[in-house]
Amino acid sequence: MAKMTTIKELAVISNLAPSTISKALNDSSEISEKTRSKVKKIAEEHGYIANNIARSLKLKRTGTIGVIVPNIIDCFFRKVLQGIEAEASKNGYSVFLTFSDDRREDEEQRLIKLLNQSVDGILISVSKQTQESNNYDGIVNARTYGVPLVMFDRVNKRLPFDTVSIDDFAGAFK
Numbered sequence: 416m417a418k419m420t421t422i423k424e425l426a427v428i429s430n431l432a433p434s435t436i437s438k439a440l441n442d443s444s445e446i447s448e449k450t451r452s453k454v455k456k457i458a459e460e461h462g463y464i465a466n467n468i469a470r471s472l473k474l475k476r477t478g479t480i481g482v483i484v485p486n487i488i489d490c491f492f493r494k495v496l497q498g499i500e501a502e503a504s505k506n507g508y509s510v511f512l513t514f515s516d517d518r519r520e521d522e523e524q525r526l527i528k529l530l531n532q533s534v535d536g537i538l539i540s541v542s543k544q545t546q547e548s549n550n551y552d553g554i555v556n557a558r559t560y561g562v563p564l565v566m567f568d569r570v571n572k573r574l575p576f577d578t579v580s581i582d583d584f585a586g587a588f589k
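Numbering (the working numbering), first residue to last: 416 to 589.
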C-alpha cells in the first residue's frame, strides 16, 4: 500500500511552513490565492489526502453519525437507511452503520463501539430484546457521554431522548 503524503512533507516540497500548507488547503483568507493554488497543485501531484482523524481532534467533531438497526432484511430499515445516508451526506456527515440482530447485549456493545469512535450523534432503533425486557440501561447510560441520541421506529417515549416514529393506527385510519 502506498504511503500517504503528510502536510509536513508538502511543506518540505513547497518550501513553506506546515501551518501555511494547512491554511492553504483549508482556503484560509490569510493565504494568498496564488499560494493556495500552488499548494493545492502540489498536494494533488503528490496524492495528498486530508487526515480526518487529525482534523476531528482539532475541530472536536468527527463528521460521523452512528446508526444502530436490528437488521437490514426488513425493507423498512433499508429505506430508512437510504434516507439517513442521503440526509447525512447532504449535511457533510458520514454514517457508521451497525446491527443489533435484535439482541440487547449486541445493541449495547455496538453502542459502546460507536461512542469509542467519537461519533457526533447516534440514531437507534432498539432491539426486540430491549423492548421485551424493558431494560434500556445501556442506552440511558450512553447519555453520560454527551453524545446526542435519537430513537426511531422502536421508541420508548418515557426515556429522555428525542424520537422519530409513525402512528400506524392514525395513518391507517386517515
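A few of these clues could be false.
Stated by the list, open to error - Straight-line alpha carbon distances no greater than 35 Å define the calculated DSBU-like cross-link-like pairs of lysine-lysine that follow: (1) 423 - 449; (2) 449 - 473; (3) 455 - 505; (4) 505 - 589; (5) 475 - 494; (6) 418 - 589.
Source of the hints: derived by calculation from the structure; they are not laboratory data.
Structure-based check of all given hints:
1. 423 - 449: holds (20 Å)
2. 449 - 473: The given pair, whose Cα atoms are some 26 Å apart, holds under the 35 Å limit.
3. 455 - 505: With a Cα-Cα distance of about 24 Å, the restraint between residue 455 and residue 505 holds, given a limit of 35 Å.
4. 505 - 589: Between residue 505 and residue 589 the Cα gap is close to 32 Å, so the pair holds against 35 Å.
5. 475 - 494: holds (31 Å)
6. 418 - 589: Roughly 59 Å separates the two Cα atoms, so the pair is violated.
Going through the hint list in order, the structure does not satisfy hint 6, though it satisfies all others.
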